[in-house]
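Colleague: Residue numbers (our numbering), protein chains in the order written: chain A, 105 to 594; chain B, 105 to 594.
Incorrect hints may appear among the rest.
As the list makes no split between identical chains, a pair holds if one copy fits it or if it spans any two.
Stated by the list, open to error - Here are the simulated SDA-like cross-link-like pairs (lysine to any residue), alpha carbons at most 20 Å apart as the crow flies:
(1) K338 with P311
(2) K250 with I238
(3) K449 with I489
(4) K354 with D452
These are computed hints drawn from the structure, not numbers from a lab.
There are 2 protein chains.
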Amino acid sequence: MPSDKSNSIKIYNSLTGKKEPFKTITKGYVGMYVCGPTVYSNVHLGNLRTFISFDTIYRYLNHIGMKIRYVRNITDVGHMVEDSTEDRISEKARVEKIAPMEVVQKYTNDFHDTLKKFNLIPPSIEPTAQGHLIEQIELIKNMMDKKLAYEKNGSVYFDVMEYNKSNEYGILSRRNVEDLIHNTRKLDGQSDKKNPQDFALWKKAEPQHIMKWQSPWSLGFPGWHLECTAMSSKYLGEQFDIHGGGMDLKFPHHECEIAQANACFNTSPANYWMHANMLTLNGSKMSKSTGNSILPNEIISGDNKMLSKEFSPSVIRFFMMQAHYRSILDLSNDALLASEKGYHKLMDAVENLENLDTSSKTDFDVKGWVNNCYDAMNDDFNTPILIAKIFDVVKFINLVKAEKAEINKNDLKQVKTKLNEFVFDVLGLDKIKSNTSDDKIKSVVEILIELRDKARNDKDFELSDKIRDDLKNAGIILNDNNGKTDFTIN
Amino acid sequence: MPSDKSNSIKIYNSLTGKKEPFKTITKGYVGMYVCGPTVYSNVHLGNLRTFISFDTIYRYLNHIGMKIRYVRNITDVGHMVEDSTEDRISEKARVEKIAPMEVVQKYTNDFHDTLKKFNLIPPSIEPTAQGHLIEQIELIKNMMDKKLAYEKNGSVYFDVMEYNKSNEYGILSRRNVEDLIHNTRKLDGQSDKKNPQDFALWKKAEPQHIMKWQSPWSLGFPGWHLECTAMSSKYLGEQFDIHGGGMDLKFPHHECEIAQANACFNTSPANYWMHANMLTLNGSKMSKSTGNSILPNEIISGDNKMLSKEFSPSVIRFFMMQAHYRSILDLSNDALLASEKGYHKLMDAVENLENLDTSSKTDFDVKGWVNNCYDAMNDDFNTPILIAKIFDVVKFINLVKAEKAEINKNDLKQVKTKLNEFVFDVLGLDKIKSNTSDDKIKSVVEILIELRDKARNDKDFELSDKIRDDLKNAGIILNDNNGKTDFTIN
């Protein structure tokens, strides 16, 4: 693990709009917070892309020897349905006729199961919003004491205009408060707010609302933005290194987090803000209502009308890694087929590497290649460049295999080590043997069929019968059909 | 699903010490709460047995068509180390030099992974103690208002003597308060308590303690017993059907839960208390300090010094099902080997059932057999009796296969349906093919090795070399050693 690599990482910081050298608060240690899912439905493919992107970043930072505390939350309360006063989980509970916490459990399980299939490493801490209500209430008291939040009819709101007097609301999304007021006034019907851009820190619950807790202001529930401030500050400190999430969270969610942290702790929470871009499907935004939508499990099972076949989680992950996390990525049948081909080519090379013959010299700049790989990842975690570099060595491996190039023992060892590290540890791909057990059985049985054909030609029926009977005892039945033999496995 | 079966279930109720007809509060619905793990270490084999026992009960109630809300908690705060004032999770965090919530995450992940291997169905709701602090604080206020709890130096205790004036502390464990006082006084050094048998509802945290929250009494943390009262009442109501857990939780944990519920809601929480018995290892209690201890994963991997080989989760589960949940179960190498044999015999019968020939009559009382199976489970979920009944039909299936008995088409269908339901849906066993792909490859390669040996004896080196080369191309390398040939699969 070349720990000096950590000195040359550059990260595109959404807060400044620039690629900056990555300097951590404590040398060698990284605190990273990523906004997790709201567990009211099966995990969305676009969200999955975001989590895979940050998993790869987590893996790379680990690989170069940094110590990371990676916090990714579960939102199990407070995320409101757009244009409504209903919590997303409460709404789903009403529709599915189960308790809100049963909704939470069902979709938390789905989230974990899906991420496991895609080989994501669990975060160091996975806190829930409901598990941090006292912390959220304490933050609200803090902001009220500073007159940056006000109570109205049992609900508490963040006072954006007041905050903006000494801070800059809109710093991340580069929005102007005056414009925001102008743009949002018409849509807003919540008259409890002093200004339409104010956002809820605590909401008084309607009497029929199940998810509600005692607070100094009312029986209610916290606002969505507050949980991340409570949990990131609790587990990473008031100021930490990286805050990540999907592009759609930049405004208002992350903007509000910055405002809350400045209000509570007089500091911007994260030094580096990272945003993963959108995933589109066949050139258009995914949307359930238009039908242009597909779930991760539907791609894996092939149970969908969009794709010609099923694709393994590793192929899907490889496909995602072929785009940079800050680029829009379009998923289509052709793109997945191409990725599948590339993925198998890569896996074949990894396997071929195990049986290469060595010689006294090497026709490849191994040291330069290793540096290129690190440079790619150090440049804002550029996985498509890394993959291009990986295919340079794949090409070389194939030349050596075809005896058109040479490699010496030490270099072979180095290529093996680094290729495996980048492919499995960093990109998080799964090894599938291109030749599975079933393929192997097939190959071996074919050898026996050939021997049996020869025995039959030689009229050695003792041998041909023996082969058939031995195979039958092993559970493999030969079927002779018009001079050709195939077989079935019981 | 014969829903009338739900009318004849009897449950041994630890509260009354009697087997009683199972009457649910709402017909057709069951509320079940089971005390989950404290996530400060890898899940213990004894605890696993408890969770498998209640999983089987959950599966059976589901099978007969009841609607169950099954709540199993995660204790992530408040469970104290014996004879100390340190929380188990805090202690582990200190030892492992990570944050308490990293301890929680690590062992929650281990718990979920292990339970998945053993085919447990996730509960409907899996709440955490940290996720219900406000609820716990509200219960404490309730008990203080009733003078059944008192504050001292920032901590709050339940007043057992006061409670005992109008209630019966010790009702579950059949202990007498006077005896308890006599037995515990010497050991107790916590002078804040009025009486030694009083238990903590809230503990003021030491300054260095990380896990602490704001409350009306101090910056502190809740007592261990309180979380279960908070979560069971929240998700199942103040009174519900079944409360389960390991025998070791009967006192003081469940006794305290009963006292808290009576104090808060004027009702005993559960109508049926069920306790799963201990698991011993080679005749003695498991204990890390004496070395008489083994983890579930060590049995599966074979990485241990106690057992002669590895055992699959299904074999271990089958072994556990062969004892009644209220009996002590002793795990040993011989016992596991015997279970493995029985398990394979059962799986062979399930497989043979698919290829049985039918005739016009049946030499077996299928209807009576089905009833016997239900009777076994209705009798306090007696899985060993169920397994004995299942082996009656296994014996019969083997007779039919050997053409020594007959079965007609309808009865075969019924046996298939019910055997599969009991084995897979109720007992929760996994189907493994008795002959795996690897076994098959081995058998087929052995045929080729035999042919090659013959070719070499016949001096037909062309053939023997061809077999070796063909196998190599299929990824199978032959190794000749002192006249014997084995092989490795790449």
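Colleague: Next, verify each hint and record whether it holds.
Modeller: Hint by hint, here is what the structure shows:
| no. | hint | result |
| --- | --- | --- |
| 1 | K338 with P311 | between (32 Å within a copy, 16 Å between copies) |
| 2 | K250 with I238 | within (19 Å within a copy, 24 Å between copies) |
| 3 | K449 with I489 | within (17 Å within a copy, 55 Å between copies) |
| 4 | K354 with D452 | neither (41 Å within a copy, 58 Å between copies) |
Checked against the numbered hints listed earlier, the structure breaks hint 4 alone; every other hint is satisfied.
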